[in-house]
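Whenever a hint applies, use it, and build me the whole structure from the sequences.
Heads up: the sequence lines are chains A and B, in that order. Numbering that gives the first Met the number 0 puts the first residue of the first sequence at 0, with every later residue one more than the last. Numbering that gives the first Met the number 0 puts the first residue of the second sequence at 0, with every later residue one more than the last.
I should point out that these hints are in silico values taken from the structure, not numbers from a laboratory. No false leads were mixed into what you were given.
Residues on chain B that point at chain A, a partial pick, calculated with CB under 8 Å:
(1) Phe27
(2) Phe37
(3) Leu42
(4) Pro43
(5) Pro48
(6) Leu52
(7) Ala57
(8) Ser58
(9) Leu61
(10) Thr73
(11) His80
(12) Ala81
(13) Phe111
Distance condition first, Cα-Cα at most 20 Å in a straight line; then the derived EDC-like pairs of lysine to aspartate or glutamate:
(14) A:Lys17 x B:Asp91
(15) B:Lys101 x A:Glu28
(16) B:Lys101 x B:Glu13
For glycine and all other residues, C-beta sits at the position ideal for the given N, C-alpha and C.
This is what each chain is made of:
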Amino acid sequence: MHKPPRAHPPLPRNWWLKHRFFIAYMAREATVLPLVFFIACLLAGTVALLRGPDAWQSWLGFMRSPPVVALNALALAASLYHAWTFFQLFPRVMPLRLGKRAVPASLMVAGQWAGVLAVLLLFVWLFGRA
Amino acid sequence: MTKHHPERRQAYDEPLWWALFSAGGVCFALFVPSAVLFLALLLPAGLLPADALSHQRASSLLFGLPGLIFVGATICLPLFHAAHRIRHGLFDLTLGSDGTNKWLMYGAAALFSTLALGVVLLGMLR
Numbered sequence: 000m001h002k003p004p005r006a007h008p009p010l011p012r013n014w015w016l017k018h019r020f021f022i023a024y025m026a027r028e029a030t031v032l033p034l035v036f037f038i039a040c041l042l043a044g045t046v047a048l049l050r051g052p053d054a055w056q057s058w059l060g061f062m063r064s065p066p067v068v069a070l071n072a073l074a075l076a077a078s079l080y081h082a083w084t085f086f087q088l089f090p091r092v093m094p095l096r097l098g099k100r101a102v103p104a105s106l107m108v109a110g111q112w113a114g115v116l117a118v119l120l121l122f123v124w125l126f127g128r129a
Numbered sequence: 000m001t002k003h004h005p006e007r008r009q010a011y012d013e014p015l016w017w018a019l020f021s022a023g024g025v026c027f028a029l030f031v032p033s034a035v036l037f038l039a040l041l042l043p044a045g046l047l048p049a050d051a052l053s054h055q056r057a058s059s060l061l062f063g064l065p066g067l068i069f070v071g072a073t074i075c076l077p078l079f080h081a082a083h084r085i086r087h088g089l090f091d092l093t094l095g096s097d098g099t100n101k102w103l104m105y106g107a108a109a110l111f112s113t114l115a116l117g118v119v120l121l122g123m124l125r
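The structure is reproduced here in structure tokens:
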């Protein structure tokens, strides 16, 4: 089987450091790393809850330790940054029309933030009382 | 004029991974901010009412249908989102081979999703 010669030399591993758009792209990709940490915490919490009150208390203690709080604060910032970029994509990928009029992109972005607010209110209702 | 490339296999499974990636992206943006804020910041800081997440109340919230939905929206789908992005991040950094990374990443996402859903189901059976 004939193999065509490579049209381009392979990219160096640090190609994304050479332009700020590429750096922003890689930073956005990296928002999943603190997310994975938070998911691991949550998964440990569900297992602790199943194992009983003592395990649940020690999980609460683990969640209070400063490095864990710091990483989870980073996860919150990362999730909001992801949301901010993700919500701007929706009107571009799937522009909506109402009759003959195009729905303004800013309205679609605002609608998605309203969704975040609705989930926040649901959590307040669930966890804001004993 | 169609050329046959036996070395280039069509990724028939890509729509599945992409659908899970998209659904996970929606969950990451909509549900994860509130989940992190309440469970990983306000709860450890003692800013929630004392018994809001006592072992008894947390169990009654998690071990039921709402708990299954919660685990799906904050663990399983975001895991597949993360797996897809890490796989492509590794490709961008030319680390490992994509064929191996793919099975490692989606395999881990599937394994831990099954574990999380299994915990909730076990809790419901008790």
